[in-house]
Each structure stands twice: as C-alpha cells, then as structure tokens.
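6 protein chains.
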Amino acid sequence: MELSVRNQLTGTVESIKEGGVMAEVVVKLDGGQEIVSVITVSSVQRLGLVVGKKVTALVKSTEVVLATS
Amino acid sequence: MELSVRNQLTGTVESIKEGGVMAEVVVKLDGGQEIVSVITVSSVQRLGLVVGKKVTALVKSTEVVLATS
Amino acid sequence: MELSVRNQLTGTVESIKEGGVMAEVVVKLDGGQEIVSVITVSSVQRLGLVVGKKVTALVKSTEVVLATS
Amino acid sequence: MELSVRNQLTGTVESIKEGGVMAEVVVKLDGGQEIVSVITVSSVQRLGLVVGKKVTALVKSTEVVLATS
Amino acid sequence: MELSVRNQLTGTVESIKEGGVMAEVVVKLDGGQEIVSVITVSSVQRLGLVVGKKVTALVKSTEVVLATS
Amino acid sequence: MELSVRNQLTGTVESIKEGGVMAEVVVKLDGGQEIVSVITVSSVQRLGLVVGKKVTALVKSTEVVLATS
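First to last, the sequence lines map onto chains A, B, C, D, E and F. Under my numbering, the first residue of the first sequence carries the number 227, and numbering increases by one thereafter. Under my numbering, the first residue of the second sequence carries the number 227, and numbering increases by one thereafter. Under my numbering, the first residue of the third sequence carries the number 227, and numbering increases by one thereafter. Under my numbering, the first residue of the fourth sequence carries the number 227, and numbering increases by one thereafter. Under my numbering, the first residue of the fifth sequence carries the number 227, and numbering increases by one thereafter. Under my numbering, the first residue of the sixth sequence carries the number 227, and numbering increases by one thereafter.
Simulated from the structure, these hints should not be mistaken for lab results. Heads up, some of the hints might be wrong.
Copies of the same chain are indistinguishable here, so a pair counts whether it falls within one copy or spans any two.
[As the list claims (entries may be wrong)] The calculated DSSO-like cross-link candidates involving lysine-lysine, where the alpha carbons are at most 30 angstroms apart (straight line), are:
#, residue 1, residue 2
1, 254, 280
2, 243, 279
3, 279, 254
4, 280, 243
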C-alpha cells in the first residue's frame, strides 16, 4: 500500500498509556527525537503495539505547523 | 509561549514551493529525516521563511497515525 | 503495512483538479457515495493518480464529525 | 445550515463506547462500509446519539488521505 | 442539522483570496477577534461566500491547541 | 516563538474535565464566545492549566470549516 502522506517517520514504541477510549503512544524516532501519537485503544490492540515494536509515524502535511524562534 | 503540542521537531527549511494560496515547505529534521508542511503563502511571508532557516515543526498528537509493517 | 486508521473506504478516482500546490481529488466510493480529498500535487504525481484508478480513502477517526437532522 | 464540508456520508449508529472524556462511535454507512468517529462524550449526549439513530458523518477534504495498492 | 462540533463562532466574511484549488477566507468574529479558514474554491462558490456575508466558523475540539505565555 | 498559525484567540480557562488520557478544556474567549479544546491530560499538567488561567487557543486555518444559515 502506497500513501499520499509523505511524512513517514520511523521509530520504536517507547511507552503506551491507555485510557477508556484513547491511548497515548510515545515513539522514539530513529533520528533521536520523540513523537507522541494519540489513537484509539482498539487501534493499539489491532496493531499489536507493545514497547519496543518498530512503527512508522504518519502525519498529513496539512497538519504540520511551523514555528520560528 | 508554551504550547500544549508536545511534538516539536527541530530542523532547517530545505525548499519552499508557493502556489496561489498554499505553500509546500520541506524541512530537514535535525535527526536526518524530512517532514513536509503545507501552510498558507501569507504565513510563509509573515514568518520570513527562506531556505536554510531554522524552524520547528509542530504536530498535535491527535494527528499522528501509526503504522506497522 | 497495517495502519492505526480504521476508516478505509475503497473507491475509484472520478476527477482530479490541480492547482499550484494542492489538488482536489473526487473519489466515487464503492457504496455509491462520493468523498473529496485535498492532497498535494506532488502526492498525486507520486501515487500516479488518474481518473479510473482504484484508491482507498483513509480518515483518522478523530477527524470525523457527526451530525443529526 | 449549509456547510463548506462536502463530504457528508449518511448512515446509522452501530455502537457507542464511552470513556471518561472521549467516545468512539461506529457508523454503518448507507453504502455498506463502516466509519468510526471519535467525539467527546458531551457531544454524544448533546446529540442524543443511540444505537440505530440516523447520522451524517462529516469529514473536511483536507483530512482525507489517499492510498493505492 | 445539529453538529457534534461545539465550537461554532459567528462572524462576517472580511476577505476572500482564491488560488487554483484552495481559498483563504478571513472572518471577523462577533467578539472582535479574527479567524482564517482555508477551504476549497468550490466550497466558496457552493456557499456563495462574499465579503460581508454572515458565517459560522466551526472547529472540532480535537483541533484546538492551547498555549500559555 | 512565532507560529505559522494565524488563528490565535485569547481567553481564560473556564473548566477542565480530565479522563484517563484526554482532557476537555473550556475556554471563555475575550470576545465573549466559548471554545472547547481536547488535549492530553499530560499537556494540561505540563502547561499547569487551572480554572482562571489566561490561555491562547490556536487553530490551523485548514481546520476551520465555514457554514452559512
């Protein structure tokens, strides 16, 4: 499957915190930075996510805000 | 200013392509990966974005999809 | 590749309208309804999208608003 | 009320799972496919959503990702 | 039509800038602040938006970032 | 820090409802209208949000839907 989403950052699951419906998954990117993803608990289960698993974080480009300091 | 957005990835503007209303900005992250942002041309101008400028890419965690292979 | 996005609606590209940076792609879903996607022109080219091509429309569940009449 | 959102898919509520703040609502589209929506529990209550209720799922076109296989 | 989106800010169209596919619409909120919306040119036409027209700006709560200074 | 997000609405935290992972924060805008934000509980804690605190609500323009009546 090829996606229109060009932002595909690879990394490893660092932690998973589950609530009633949503889960917060912290991913350590291969470049060293961290990215947090909030998905449903049912998606965490469907993907079989566990700490240490290799994942790709996908972000649609229209969702990326830029900042300058 | 402190933001509720925890995903703050630092990098450098690699290219800017402007259309009539929207612009596509490619950012080389410090970790080596790339991220593309689509923002308005007026925001590109307001931030004074040019190739080589240091920027931070911000992504709300509810916008991050995960994939496994 | 397996995705955390559970909304995966299959269909066929009905029309593509390209601007300077963004493109509007109309997809006829297999169930008969239509869905419009706005992605970058570069993604249209990378995916080789043309009228008649089979595609899957993906939508993160946090992006789906509900309405009652 | 007329909306700028052109993606308006009609269907019926199939299930509702409530957490502390968010709820996951599964909608069976009239075309036969399913779509999942994550909204607040307070919105579920305000709309009076129950299994079997007719709803319309709204998705902004900039949120629709396309994939090819 | 009743919506799950609770953020419904009323205002008046102040300006419209059209590109090839997308349009940038500036809305003066009744409270005096401004909000910018990027929608498709086809939605601008379908809604018959013109400067001075009364509109409501809708924002899903999961899209609202908070900041402190 | 300067942001590409032009929609920056100032207000005051009116209420906070926390779930397992997500929190619903209601903000009274200075113009008198209300805006609801759904962010993670960990962001609520990191920002030190409490009722009465001054905050700015940020919304990317591509997330703003328009409606006419």
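Here's how the hints hold up against the structure:
1. When the C-alpha separation of residue 254 and residue 280 is checked against a cutoff of 30 angstroms, the pair qualifies both within a copy, at 10 angstroms, and between copies, at 22 angstroms.
2. For a Cα distance limit of 30 angstroms, the shortest separation of residue 243 from residue 279 qualifies both inside one copy, at 15 angstroms, and across copies, at 27 angstroms.
3. With identical chains, the CA atoms of residue 279 and residue 254 are at most 30 angstroms apart both within one copy (11 angstroms) and between copies (25 angstroms).
4. In this assembly of identical chains, residue 280 and residue 243 lie within 30 angstroms of each other by CA distance both inside one copy and across copies; the values are 17 angstroms within and 29 angstroms between.
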